[in-house]
Every structure is written in structure tokens, then in C-alpha cells.
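Student: Here's the letter readout for the chains.
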Amino acid sequence: EAGVVQSPRYKIIEKKQPVAFWCNPISGHNTLYWYRQNLGQGPELLIRYENEEAVDDSQLPKDRFSAERLKGVDSTLKIQPAELGDSAVYLCASSATGSGANVLTFGAGSRLTVL
Amino acid sequence: DQQVKQNSPSLSVQEGRISILNCDYTNSMFDYFLWYKKYPAEGPTFLISISSIKDKNEDGRFTVFLNKSAKHLSLHIVPSQPGDSAVYFCAASAEGGSEKLVFGKGTKLTVNP
Chain B
1 EAGVVQSPRY
11 KIIEKKQPVA
21 FWCNPISGHN
31 TLYWYRQNLG
41 QGPELLIRYE
51 NEEAVDDSQL
61 PKDRFSAERL
71 KGVDSTLKIQ
81 PAELGDSAVY
91 LCASSATGSG
101 ANVLTFGAGS
111 RLTVL
Chain E
1 DQQVKQNSPS
11 LSVQEGRISI
21 LNCDYTNSMF
31 DYFLWYKKYP
41 AEGPTFLISI
51 SSIKDKNEDG
61 RFTVFLNKSA
71 KHLSLHIVPS
81 QPGDSAVYFC
91 AASAEGGSEK
101 LVFGKGTKLT
111 VNP
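Chains as they are written, first to last, in my numbering: chain B, 1 to 115; chain E, 1 to 113.
It is worth saying that the hints were derived from the structure and are not from the lab. Careful, some of the hints might be misleading.
[As the list claims (entries may be wrong)] To give a feel for the contact side, a few chain B residues facing chain E, derived at Cβ under 8 Å:
1) Gly40
2) Gln41
3) Pro43
4) Arg48
5) Asn102
6) Val103
7) Leu104
Beta carbons: idealized from backbone N, C-alpha and C, even for Gly.
Between the sequences and the hints, there should be enough to build the whole structure, so can you do that?
Tutor: Written out as C-alpha cells, the structure reads:
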């Protein structure tokens with residue numbers, strides 16, 4: 001079974017440039033998460049989707065961040081424009097809804113460096 | 001306000017000995033706890049979990065203990081192996097685990113041969 005697939009794995013951009021990350025969750029997993037992990041910190045939730053619906057986006061900086069999950073499968077996280085403080089690893093995770101406790105399966109992450 | 005705290009940034013143990021990683025939480029609504037392991041350049045992988053209705057859960061060399069009154073949990077690895085060297089994250093959730101996971105900052109475990 002393929003795991004959670006993310007791309008690109010690494011991205012280096014100048015500040016004020018846009019960037020987008022893509023995630024393909026585990027087949028059949030209805031719940032998809034985007035987390036951000038800053039250096040030396042634990043992952044912090046940005047947004048959670050149940051199928052196509054964003055059910056928790058309270059931590060998403062909506063002035064520059066946007067996300068979508070068309071057709072309830074793949075998801076894209078966009079930052080426009082990027083700032084120096086956005087340098088982090090962006091982790092996508094998925095879980096099976098209705099399975100009781102959510103055990104998240106994470107992708108390898110997309111490491112963003114903003115210069 | 002950090003709701004899940006891992007106060008030891010790093011831990012070093014000898015191969016074959018016990019590793020004990022600690023985690024404290026402040027939110028009394030948390031009732032489901034997980035440990036994730038993370039190798040460099042990889043995403044976190046699920047290791048073991050425990051519900052608040054239990055005080056111990058064991059899976060092979062890994063055991064998690066939960067002390068609800070102290071709002072404290074610990075992960076024991078016995079015996080420790082060099083391949084266990086990784087960053088370990090404690091995470092907590094409310095509503096039986098259906099709410100979002102809140103992670104600690106992680107503890108880097110190094111197991112020396």
C-alpha cells in the first residue's frame with residue numbers, strides 16, 4: 001500500500017514568491033491534514049479536511065495561506081507571498097474517518113526554505 | 001500556551017538499557033495519547049497509543065504508561081537498540097482521539113552501541 005505522497009520534497013524560494021505543495025493521501029482515507037513543523041518544534045495543525053470540507057482551519061494564516069482538496073482526494077497548500085518565517089517542513093497526513101481514534105499517517109514532508 | 005510538554009530535548013542511553021521518555025500535558029480534556037517516532041528527512045511514524053481508560057499499553061519492546069492524576073505519560077523502550085535513535089514526539093487528543101492531535105516539541109533519543 002502506498003503511503004502519503006508529498007511533493008516537492010524540497011523547495012527554495014525568494015521571499016515574496018509564491019509556492020505550492022501537493023499531497024496525495026492514502027487511498028480510502030477521508031481525513032486529510034496539513035501540519036507545519038518549525039525547526040526544533042513539534043508539528044502544528046494548519047488545516048484539517050473531512051472529504052472536501054475544511055472542518056478546522058483556525059490555525060491557517062488566511063492572509064497568505066490557502067488550501068484546497070478538490071474531489072476529496074489530493075490536496076494543495078499554497079503560500080503567496082512567502083515570508084522568511086514560513087521556512088519550515090510542511091507535513092501532510094491522512095486518517096480513516098470513523099475508525100475511532102485518529103491515528104495519522106504522515107508523508108515525508110516538504111521542506112521550504114525562504115531566502 | 002504549550003499543552004503538551006516534552007521537557008527533555010535529548011536523551012542518550014547505552015544499547016540494551018532502558019530508555020524512558022517523558023511527556024506532560026495540561027489540558028484535562030485530552031483522553032487519547034500517542035507516540036510518534038521520526039527519523040531525519042522522513043515524516044513521523046506512529047509508534048504506540050493509549051486511551052485514558054488505561055494506565056498501560058505494551059507493544060513488544062515499547063510500553064506507554066499514563067498517570068492521569070499527574071497528567072503525565074512516559075514511553076519505555078526495553079531493550080534499547082541503535083535503530084531506535086530518532087526524535088520521539090508525544091501527542092494528545094480529546095474526544096477519544098477524534099479531535100486534532102497536539103504535539104510536544106520532541107525528544108531526540110540516541111542509543112549508543
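Student: Hints numbered earlier in the text: which of these fail when held up against the supplied structure?
Tutor: Of the numbered hints given earlier, the structure breaks none, since each of them holds.
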